[in-house]
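Student: Protein chains in written order, with my numbering: chain A, 1 to 134; chain B, 1001 to 1108.
These are calculated hints, taken from the structure and not from any lab test.
It cannot be assumed that every hint is accurate.
Claimed, not checked - When the alpha-carbon atoms are kept at most 27 Å apart in a straight line, the in silico DSS-like pairs for lysine-lysine are as follows: (1) A/K64 / A/K81; (2) A/K64 / B/K1104; (3) A/K32 / B/K1104.
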Amino acid sequence: MQTLTFAFMDPPFENERTVTFFRLLDAALDQKCNVKVFAYEGAAALSFALQRGHGNSVHGRNEKEESHPLTKDWIAALMTKAKQNQLQFEWVNCGLCVDERGVNEAIPGCGRGSPADLWRYAMASDNSLVIGTR
Amino acid sequence: MKNFFIVQSQDPFTDVRAAHQFELARTLASRGNKVKVMLVQNAVLSARLDARAGPLFQLLDNRISLYADEFSLALREITPSELLTFVVPAGLDLVINAMQDGDKVIWN
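From just these sequences and the hints, can you work out the full model?
Tutor: Laid out in structure tokens, this is it:
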């Protein structure tokens, strides 16, 4: 069983990269890999527990009908999937990035750390992928 | 010789640096490395039959394997029959496989 590290810096709700990133994590779990994520810059908000869905008056939908996708829910779903498959799924947010954005309240299972954690993750992994923002 | 797997998200029509990224892939291959490129997001637009996909053809000269993310294609309503014949539709599991194989995986 291999362990893969991903570093990601895009915020939620902004770029298609975020969707691709989550698809990669999902694919890694499908391949029975342990996953470690270092979220920095805008990505520190991906696990923000106070994210809220909303209705869409233009579409005439209430909050439930709109079913707005929230990245905190995607992370929680990946954690559940990992647990069901007896895989490790670790997530650390860059503490400075969290403080800058006031997104300290992360969902359970997501920790607070520093770039040193990315180094620690990479050293403990079989391979790493850094998804940078241009 | 090393194995490189490039995930190409930037497309040559709107991102000037994409041409340089293709050049990097070409150079890596020309120096004996094994290179695979997977187009994702808007980069799949350059894989259409009717696109002016000059940079992609340059990659072919170096026998670089080219793939296009099936999900990105579907989002843009591009069917496999509308792709350049040398571009293979594939899932993101290819990226994970490359990481598992120890390839140097680069995100562009």
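Student: Against this structure, judge whether each hint is valid.
Tutor: How the hints compare with the structure:
1. A/K64 / A/K81: Roughly 24 Å between the alpha carbons, so the hint for A/K64 and A/K81 holds.
2. A/K64 / B/K1104: 43 Å, violated
3. A/K32 / B/K1104: 20 Å, holds
Against the hints set out earlier in the document, a violation occurs for number 2 only.
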